[in-house]
Amino acid sequence: MILLRKLLATWLLLMPLVSLAASSVNINTADSDALVEGLTGIGPQKAMAIVRYRQQYGPFQRVDDLAQVDGIGEKTVDQNRAKMTVSVPQTSK
Numbered sequence: 044m045i046l047l048r049k050l051l052a053t054w055l056l057l058m059p060l061v062s063l064a065a066s067s068v069n070i071n072t073a074d075s076d077a078l079v080e081g082l083t084g085i086g087p088q089k090a091m092a093i094v095r096y097r098q099q100y101g102p103f104q105r106v107d108d109l110a111q112v113d114g115i116g117e118k119t120v121d122q123n124r125a126k127m128t129v130s131v132p133q134t135s136k
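The sequence shown begins at 44 in the numbering used here and counts up by one.
No lab work stands behind these hints, which were simulated from the structure alone.
The structure displayed is predicted, hence computed values, not measured ones.
Hints are not guaranteed to be accurate.
[To be verified] Computed cross-link-like contacts, EDC-like style, restricted to lysine to aspartate or glutamate with a CA-CA straight-line distance of at most 16 angstroms: (1) Lys126 - Asp107; (2) Lys49 - Asp76; (3) Lys49 - Asp74; (4) Lys89 - Asp113; (5) Lys118 - Asp107; (6) Lys89 - Asp74; (7) Lys126 - Asp113; (8) Lys89 - Asp76; (9) Lys89 - Asp108; (10) Lys118 - Asp76.
[Said to hold, decoys possible] DEER-style ranges, computed between Cβ atoms: (11) Gln88 - Ser130: 24 to 30 angstroms; (12) Leu50 - Gly114: 46 to 52 angstroms; (13) Thr128 - Pro87: 17 to 23 angstroms; (14) Lys49 - Met91: 44 to 50 angstroms; (15) Asp74 - Asp108: 15 to 21 angstroms; (16) Arg124 - Gln88: 51 to 57 angstroms; (17) Gln122 - Arg95: 36 to 42 angstroms; (18) Glu80 - Pro102: 16 to 22 angstroms; (19) Gly116 - Ala52: 42 to 48 angstroms.
Beta carbons: idealized from backbone N, C-alpha and C, even for Gly.
Please work from the sequences and hints to get the whole structure.
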């Protein structure tokens with residue numbers, strides 16, 4: 044019974060961390076559907092603009108670089124800052 048309580052307590056403590064990690068959108072790897080679903084103020088057209096920008100210029104180095112995409116301003120970046128990551132995808136050698 045004590046072990047069960049410890050497992051339950053551990054699970055309850057870790058659950059918020061898992062949900063935070065799951066809600067994060069990597070703007071360097073997310074497809075247009077994930078961008079629409081995960082970010083506020085990003086519809087299908089803006090999501091496709093993000094994908095096209097990445098294809099043309101490469102991965103974003105910082106979250107703030109998202110404002111360089113046509114149609115996306117600082118307000119949108121600020122609204123989504125906590126939801127976004129920019130880890131650069133690994134390339135095979």
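Taking the hints in turn, this is what the structure says about them:
1. Lys126 - Asp107: holds (13 angstroms)
2. Lys49 - Asp76: With a Cα-Cα distance of about 39 angstroms, the restraint between Lys49 and Asp76 is violated, given a limit of 16 angstroms.
3. Lys49 - Asp74: violated (39 angstroms)
4. Lys89 - Asp113: holds (8 angstroms)
5. Lys118 - Asp107: holds (11 angstroms)
6. Lys89 - Asp74: holds (12 angstroms)
7. Lys126 - Asp113: violated (20 angstroms)
8. Lys89 - Asp76: Distance of about 11 angstroms is within 16 angstroms: holds.
9. Lys89 - Asp108: Measuring from Cα to Cα gives roughly 14 angstroms; hence the hint holds.
10. Lys118 - Asp76: Distance ~21 angstroms between Lys118 and Asp76 Cα, so the pair is violated.
11. Gln88 - Ser130: 24 to 30 angstroms: holds (25 angstroms)
12. Leu50 - Gly114: 46 to 52 angstroms: Because 48 angstroms falls inside the window, the suggested range holds.
13. Thr128 - Pro87: 17 to 23 angstroms: Given about 22 angstroms between the Cβ atoms, the range holds.
14. Lys49 - Met91: 44 to 50 angstroms: holds (48 angstroms)
15. Asp74 - Asp108: 15 to 21 angstroms: holds (19 angstroms)
16. Arg124 - Gln88: 51 to 57 angstroms: violated (21 angstroms)
17. Gln122 - Arg95: 36 to 42 angstroms: violated (21 angstroms)
18. Glu80 - Pro102: 16 to 22 angstroms: holds (20 angstroms)
19. Gly116 - Ala52: 42 to 48 angstroms: holds (44 angstroms)
The earlier numbered hints that this structure contradicts are 2, 3, 7, 10, 16 and 17.
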